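The whole structure should be built from the sequences, with the hints applied where relevant.
Protein chains: 2
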Amino acid sequence: MSNKEIPYKIYLEESEMPKAWYNLRADMKNKPAPLLDPQTHQPMKAEALSGVFCEELIKQELDDTTPYIEIPEAIRSFYKMYRPSPLVRAYCLEEKLQTPAKIYYKFEGNNTSGSHKLNSAIAQAYYAKEQGLKGVTTETGAGQWGTALSMACSYFGLDCRVHMVKVSYEQKPFRREVMRTYGASVTPSPSMDTEVGRKILAEHPGTTGSLGCAISEAVEEATKLDGYRYVLGSVLNQVMLHQSVIGLETKTALDKYGIKPDIIIGCAGGGSNLGGLIAPFMGEKIRSEADYRIIAVEPSSCPSFTRGKYVYDYCDTGMVCPLSKMYTLGSGFIPSASHAGGLRYHGMNSTLSQLYADGLMEAISVAQTEVFEAAELFARVEGILPAPESSHAIRIAINEAMKCKETGEEKTIVFGLTGTGYFDMYAYEKFHNGQMDNYVPTDDEIELALKKLPNVEE
Amino acid sequence: MSNKEIPYKIYLEESEMPKAWYNLRADMKNKPAPLLDPQTHQPMKAEALSGVFCEELIKQELDDTTPYIEIPEAIRSFYKMYRPSPLVRAYCLEEKLQTPAKIYYKFEGNNTSGSHKLNSAIAQAYYAKEQGLKGVTTETGAGQWGTALSMACSYFGLDCRVHMVKVSYEQKPFRREVMRTYGASVTPSPSMDTEVGRKILAEHPGTTGSLGCAISEAVEEATKLDGYRYVLGSVLNQVMLHQSVIGLETKTALDKYGIKPDIIIGCAGGGSNLGGLIAPFMGEKIRSEADYRIIAVEPSSCPSFTRGKYVYDYCDTGMVCPLSKMYTLGSGFIPSASHAGGLRYHGMNSTLSQLYADGLMEAISVAQTEVFEAAELFARVEGILPAPESSHAIRIAINEAMKCKETGEEKTIVFGLTGTGYFDMYAYEKFHNGQMDNYVPTDDEIELALKKLPNVEE
Numbered sequence: 082m083s084n085k086e087i088p089y090k091i092y093l094e095e096s097e098m099p100k101a102w103y104n105l106r107a108d109m110k111n112k113p114a115p116l117l118d119p120q121t122h123q124p125m126k127a128e129a130l131s132g133v134f135c136e137e138l139i140k141q142e143l144d145d146t147t148p149y150i151e152i153p154e155a156i157r158s159f160y161k162m163y164r165p166s167p168l169v170r171a172y173c174l175e176e177k178l179q180t181p182a183k184i185y186y187k188f189e190g191n192n193t194s195g196s197h198k199l200n201s202a203i204a205q206a207y208y209a210k211e212q213g214l215k216g217v218t219t220e221t222g223a224g225q226w227g228t229a230l231s232m233a234c235s236y237f238g239l240d241c242r243v244h245m246v247k248v249s250y251e252q253k254p255f256r257r258e259v260m261r262t263y264g265a266s267v268t269p270s271p272s273m274d275t276e277v278g279r280k281i282l283a284e285h286p287g288t289t290g291s292l293g294c295a296i297s298e299a300v301e302e303a304t305k306l307d308g309y310r311y312v313l314g315s316v317l318n319q320v321m322l323h324q325s326v327i328g329l330e331t332k333t334a335l336d337k338y339g340i341k342p343d344i345i346i347g348c349a350g351g352g353s354n355l356g357g358l359i360a361p362f363m364g365e366k367i368r369s370e371a372d373y374r375i376i377a378v379e380p381s382s383c384p385s386f387t388r389g390k391y392v393y394d395y396c397d398t399g400m401v402c403p404l405s406k407m408y409t410l411g412s413g414f415i416p417s418a419s420h421a422g423g424l425r426y427h428g429m430n431s432t433l434s435q436l437y438a439d440g441l442m443e444a445i446s447v448a449q450t451e452v453f454e455a456a457e458l459f460a461r462v463e464g465i466l467p468a469p470e471s472s473h474a475i476r477i478a479i480n481e482a483m484k485c486k487e488t489g490e491e492k493t494i495v496f497g498l499t500g501t502g503y504f505d506m507y508a509y510e511k512f513h514n515g516q517m518d519n520y521v522p523t524d525d526e527i528e529l530a531l532k533k534l535p536n537v538e539e
Numbered sequence: 082m083s084n085k086e087i088p089y090k091i092y093l094e095e096s097e098m099p100k101a102w103y104n105l106r107a108d109m110k111n112k113p114a115p116l117l118d119p120q121t122h123q124p125m126k127a128e129a130l131s132g133v134f135c136e137e138l139i140k141q142e143l144d145d146t147t148p149y150i151e152i153p154e155a156i157r158s159f160y161k162m163y164r165p166s167p168l169v170r171a172y173c174l175e176e177k178l179q180t181p182a183k184i185y186y187k188f189e190g191n192n193t194s195g196s197h198k199l200n201s202a203i204a205q206a207y208y209a210k211e212q213g214l215k216g217v218t219t220e221t222g223a224g225q226w227g228t229a230l231s232m233a234c235s236y237f238g239l240d241c242r243v244h245m246v247k248v249s250y251e252q253k254p255f256r257r258e259v260m261r262t263y264g265a266s267v268t269p270s271p272s273m274d275t276e277v278g279r280k281i282l283a284e285h286p287g288t289t290g291s292l293g294c295a296i297s298e299a300v301e302e303a304t305k306l307d308g309y310r311y312v313l314g315s316v317l318n319q320v321m322l323h324q325s326v327i328g329l330e331t332k333t334a335l336d337k338y339g340i341k342p343d344i345i346i347g348c349a350g351g352g353s354n355l356g357g358l359i360a361p362f363m364g365e366k367i368r369s370e371a372d373y374r375i376i377a378v379e380p381s382s383c384p385s386f387t388r389g390k391y392v393y394d395y396c397d398t399g400m401v402c403p404l405s406k407m408y409t410l411g412s413g414f415i416p417s418a419s420h421a422g423g424l425r426y427h428g429m430n431s432t433l434s435q436l437y438a439d440g441l442m443e444a445i446s447v448a449q450t451e452v453f454e455a456a457e458l459f460a461r462v463e464g465i466l467p468a469p470e471s472s473h474a475i476r477i478a479i480n481e482a483m484k485c486k487e488t489g490e491e492k493t494i495v496f497g498l499t500g501t502g503y504f505d506m507y508a509y510e511k512f513h514n515g516q517m518d519n520y521v522p523t524d525d526e527i528e529l530a531l532k533k534l535p536n537v538e539e
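If you're matching them up, the sequences are chains A and B in order. Quick note: the first sequence, position 246, residue 327 per the numbering used here, numbers continuous. Quick note: the second sequence, position 456, residue 537 per the numbering used here, numbers continuous.
Hint data in this document are derived by calculation from the structure and do not stem from the laboratory. Just so you know, not all the hints are guaranteed correct.
[Stated by the list, open to error] Covered stretches of chain A (chain B as the covering partner; in silico rule of three or more C-beta atoms under 8 Å from a C-beta of chain B):
#1 119-133
#2 229-236
#3 405-417
[Claimed, not checked] When the alpha-carbon atoms are kept at most 27 Å apart in a straight line, the in silico DSS-like pairs for lysine-lysine are as follows:
#4 K210(A) <-> K161(B)
#5 K161(B) <-> K177(A)
#6 K492(B) <-> K337(B)
#7 K177(A) <-> K390(A)
#8 K177(B) <-> K161(A)
#9 K90(A) <-> K337(B)
#10 K177(A) <-> K341(A)
#11 K215(A) <-> K177(B)
#12 K337(A) <-> K484(B)
#13 K337(A) <-> K100(A)
#14 K177(B) <-> K100(A)
[To be verified] Just so you have them, the derived chain A footprint on chain B, three or more residues with Cβ under 8 Å:
#15 121-130
#16 261-267
Because the structure is a prediction, the values reported are computed rather than measured. Glycine included, every Cβ here is placed at the ideal spot set by N, Cα and C.
Written out as structure tokens, the structure is:
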């Protein structure tokens, strides 16, 4: 093991933790396209969003000019309970691979929600509380966001109503109990409790659900209940803003030891963890201060970047949310019941979509069994049991490290390890028993879903 | 929140991590009683133990004179993957309780095994590998030790065969998959695969098992398989030795900030985490350099300290292991199927037993529902979902903090938070649904089990 002077885990001091979130959009030359009203196709105004979203969060959503937004003291206090998260040098993985590459991962799983989701959950709960709301509604895929939001709501004494994608609800019964421990209510989605749920069930009987469906149900519930708003764990730019703490901490830690990464890798579902991790690095890249290869990794079962179209689309299956310009597979696309529930979203954050369209980042899709092979290898040598979502990034980090082995290059690779797989043992069991499929949607399936795009003139 | 200069989490630098384990026995005036041969009742010699245990571990087991035993470089490297563990100031819990007490916890759950067990697992696997063995056998209760040992064996390329207490095997199906992820084999105990298992099943059909049964099965298997030895996750003094890293790190972290604890609290099953946590503090207490209240917390369903007898007893139900002098409920005592599987052991580590007999520490037992109330409260404010075992310590830490609230004393309380409850959601579900019992054994039950003690003359 070389380079002993760099510790296994780089922890920042509390005083080195970020005091403001970084809003990457402020530094972008081509700004992400604005959200549009689903009826008029005109840019959404704050007022029009205020029935669904919290006021301060709408401001953050629409702000593409302020580079730094101060983190309120109450949120910084909460962050201190589980942050800074460690930046880990994967010495054992490097040794196992016999690669000259230097691999680092930013590990966001060291909190009860088990993932990075808590970074935004606590911010959103805080603003909901400040606004005097009774509670919030939301959707959850793998259950990480729902757990994080339950914790955050419990902390601020807010009611929390979670619509959980049915396939995850069934595969992860204990996730529900974690959310209940924090006092949340959890309903499998689609359900018969909402209009949109009943409609989706009528059209797709036996569906295992999708994030798009669950979002529609949660939005409907928020607008019908007095004193409630809807909050979302990914996709939106406000979430990416909050997740910038990941990238800011990572950059501070690397700078502290004079390390300059060559490649930065993250998994991408809605895009918030990736967006948060890369934000300060992408800022430098846009300002031509540095060059980095930045890679988004998505499941081949839900390949929005690599096989989707960059157009305005509905954010949800029920078509009640604003339209967003993004790489999308169509809001009617229901991905196969893969085991990376958190990556089963038909679209992609609009900021990342613009960056990808501008050639500032790459994207790659990987098959499920390859992901679990990487996950198991990683678990055995690094001693962390990774979530299937996070393991997409591990897969590509390993692939890049193996390329370095061929070429002899000592590249520095940083990837985001977003969470732990404690509630994913059903998936690991399938993998151990050789029962895991690698379903990839056909071109026809994607084309069909893309036929239902809104007709927006640009 | 007072005392802002002390961070939420105190992390040591790698250079501050212990380079040697601390062997508390070397400083004890009254040494723990020696292990006895179950046949001759004479003190066990190293040679007689070598068919069951690894050679270097036997040396450590029998050594009550060497105060510091160097941690081999390979183990220190592994420790760096997940240690130092944080010493956390429970600011949010203090605020919730409105107590003047200052509460700290040493959190050992930040690794995939989810508990402190990894500290000894990696040491035992290392010595087994050094001895050239093919593999090891063991028992596991809650599954934490089995998971830790699976990880450690996978790291050194050893085969790992785990006998898992049946009640935990059934309540925690996903634990098995974690162990399989690391390549271990897992059998519910008692099983029909061993002589002792068949005997226990004949005598107690329908038993949900106990650590005592599982130990007997694992020992039998180790002696029958070529190139295998038996390893144990608690009870033994070698395990307490390895776990001294917990206490050493805790003490270094406290000393760094000039903090002197008044009360130190740990849960006690076999005693290794408690023994490890308190070791350096107890050393000071014995040398009259400091005074600390030290409290062991055990479940009222398995109250070895508070209702057991301090005598020589069998360590296992099958009576194949050496005899140990300890607080015991009798090796035939099968505790009710409580949800703290890791605390369901009939006896207690011999060193702790001697310290308790000498009045150097206190013990208290708590009911299961009180433990889960504390667990849920803790989860909601501190953001860590605690294991039921660890929550025994939380319960008493809260009780002591509430006493401070009454008296106005600003005591400093340190407790060991040994692990996370991700695999204990079945228990939390029972608790949420009001289906959790508080079974306490009757005096008759304990008396009956204590009738089968070995007849040792002292």
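Here's how the hints hold up against the structure:
Under the rule that three or more residues need a Cβ within less than 8 Å of chain B, the assignment of the stretch 119-133 of chain A is violated, with 0 such residues. Given as covered by chain B, the stretch 229-236 of chain A passes the check, having 3 residues with a CB less than 8 Å from a CB of that chain where 3 are the minimum. Here's how the stretch 405-417 of chain A fares: 0 of its residues keep a CB closer than 8 Å to some CB of chain B, so the rule of at least three is not met and the hint is violated. Taken as a hint, the K210(A) and K161(B) pair is broken in the structure, with Cα atoms around 40 Å apart against an allowance of 27 Å.
A C-alpha spacing of about 17 Å is found between K161(B) and K177(A), which places the hinted pair at or below 27 Å, so the restraint holds. Between K492(B) and K337(B) the CA atoms are separated by roughly 18 Å; this keeps the pair inside 27 Å, and the hint holds. A C-alpha spacing of about 39 Å is found between K177(A) and K390(A), which places the hinted pair above 27 Å, so the restraint is violated. Simply put, K177(B) and K161(A) have alpha-carbon atoms about 17 Å apart, close enough for the 27 Å limit, and the pair holds.
Taking the CA atoms of K90(A) and K337(B), the gap is about 20 Å. The hint holds against a cut of 27 Å. The straight-line distance between the Cα atoms of K177(A) and K341(A) is roughly 23 Å, inside the 27 Å bound, and the hint therefore holds. Note on K215(A) and K177(B): the hinted pairing holds, with a Cα-Cα distance of about 21 Å set against a maximum of 27 Å. Restraint check: the Cα-Cα separation between K337(A) and K484(B) comes to about 44 Å, which exceeds 27 Å; the hinted pair is violated.
Taking the CA atoms of K337(A) and K100(A), the gap is about 17 Å. The hint holds against a cut of 27 Å. At roughly 25 Å between alpha-carbon atoms, K177(B) and K100(A) fall within 27 Å of each other, so this suggested pair holds. Counting residues of the stretch 121-130 of chain B whose beta carbon lies closer than 8 Å to any beta carbon of chain A gives 0, which falls short of the minimum of three for the stated coverage. Counting residues of the stretch 261-267 of chain B whose beta carbon lies closer than 8 Å to any beta carbon of chain A gives 4, which reaches the threshold of three, so the coverage claim holds.
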